[in-house]
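Enquirer: Taken in order, these protein sequences are the chains called A and B. In this text, residue positions in the first sequence follow my numbering: the first is 1, and each later residue adds one. In this text, residue positions in the second sequence follow my numbering: the first is 1, and each later residue adds one.
The reader is advised that the hints may include incorrect statements.
Chain A regions said to be covered by chain B (calculated; three or more residues, Cβ under 8 Å) [unchecked claim]:
1. 10-24
2. 58-64
3. 88-94
4. 135-145
5. 169-178
Calculated pairs, SDA-like style, for lysine to any residue (alpha carbon to alpha carbon, straight line, at most 25 Å) [unchecked claim]:
6. Lys36(B) with Asn50(B)
7. Lys36(B) with Leu8(B)
8. Lys36(B) with Thr131(A)
9. Lys36(B) with Gln138(A)
10. Lys36(A) with Lys36(B)
11. Lys36(A) with Leu8(B)
12. Lys36(A) with Gln123(A)
Residues from chain A that keep clear of chain B, each with C-beta distances beyond 12 Å, as calculated [as the list claims (entries may be wrong)]:
13. Arg52
14. Thr55
15. Pro85
16. Pro117
17. His120
18. Arg196
19. Gly197
FYI, nobody ran anything at the bench for these hints, they're computed from the structure. All figures in this text were calculated on a predicted structure; none of them were measured in a lab. From the three backbone atoms N, C-alpha and C, an ideal C-beta is built for every residue, glycine too.
2 protein chains.
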Amino acid sequence: MLTLYDYLDSGNGYKVRLLLAQLGRAYRRIELDIDKGETRTPDFLAINPNGRVPTLLLEDGRPLAESNAILCYLAEGTAFLPAEPYEKALALQWLFFEQYSHEPYVAVARYVARHLPADHPRQAELPALRTRGRQALQVLEDHLASRAFLVAERYTVADIALYAYTHVAEDGGYDLAGFPALRAWLERVSRQPEHRGLFDVAT
Amino acid sequence: MLTLYDYLDSGNGYKVRLLLAQLGRAYRRIELDIDKGETRTPDFLAINPNGRVPTLLLEDGRPLAESNAILCYLAEGTAFLPAEPYEKALALQWLFFEQYSHEPYVAVARYVARHLPADHPRQAELPALRTRGRQALQVLEDHLASRAFLVAERYTVADIALYAYTHVAEDGGYDLAGFPALRAWLERVSRQPEHRGLFDVAT
Chain A
1 MLTLYDYLDS GNGYKVRLLL AQLGRAYRRI ELDIDKGETR TPDFLAINPN
51 GRVPTLLLED GRPLAESNAI LCYLAEGTAF LPAEPYEKAL ALQWLFFEQY
101 SHEPYVAVAR YVARHLPADH PRQAELPALR TRGRQALQVL EDHLASRAFL
151 VAERYTVADI ALYAYTHVAE DGGYDLAGFP ALRAWLERVS RQPEHRGLFD
201 VAT
Chain B
1 MLTLYDYLDS GNGYKVRLLL AQLGRAYRRI ELDIDKGETR TPDFLAINPN
51 GRVPTLLLED GRPLAESNAI LCYLAEGTAF LPAEPYEKAL ALQWLFFEQY
101 SHEPYVAVAR YVARHLPADH PRQAELPALR TRGRQALQVL EDHLASRAFL
151 VAERYTVADI ALYAYTHVAE DGGYDLAGFP ALRAWLERVS RQPEHRGLFD
201 VAT
């Protein structure tokens, strides 16, 4: 059986949980509390030397890290990852956009606002994070103004990856009122078969 | 013919130039000066709404952004991207590591040190950037201590992506003296057939 090293509040972990549920694949989940340093223990660093969740162990125990690499691995050969070369490349384009231009602002603002004390020095980063995060949300809004899903007009891993932190962006102080196409897309994603919420663990 | 919107000093652009040279593929290169705002013009934003180089135009004019997505698209079906599912997933793992844990520190430190004035307020970010960048370099060092290349014991897009900014890390104030396995790997990568340097444009 697959084993997922995970942290329930992590949107990156949620991506993998959501796809596993939608693929109907059973897995064992091991919770590591990031705030308590449980991803920095020698035992876990032996599995993922970069010390991050999610990390997947395949049935034979081989490890795979990086949420979006895990999505591609699990989705290969299924409807969740396009087989047509240009569509597949666009799915990857959005996965890299998510990790470089979206997650470091949308997810990190949520982390600072939700996990750090109100008097923590990193609270001062929030205005700059939110400026960059809104730019990423605007790129999504403009793209989705004329499309139902991010790639190939159907639900793929690109939607899963971008949905994960966008649907809880308000936790980080983002107001989605000015992003109507984005909100309609969030609703469409949430209506996909076997959808799960962030804390709705299907094990 | 392929068209590459590019910026010569960009390691992200260099990744694509290096792979195109090693694939023996001809392309037209259009230089956009990031420092002069040439990636933020209405004409370029119509091609890549996220306003970044490299962006590739396929022969039929369809655009593809994100350097590592471009690498995967061009390398699909060649020796530069493993076909075996787990090896392919590990290549993607390293490409996402590069964009999330390496480039934002190793490349951004180089950008601040090289492109911004000595009295620019962002110079104050350098110590924190270098701390995180050294952590990423250490992950590479530990991995390469027992391996010739990052994945599958052969040269792949994962090596191209990590080589791009690592081989000019010293521009950003990183000292590679304490990373012997990393330096040996840089040397191995530089000896691959049809290798090109950062500013060595083969058009």
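Enquirer: Of all the hints numbered above, which does this structure not satisfy? Sort the numbers upward.
Expert: 1, 5, 10, 11, 13, 14 and 15
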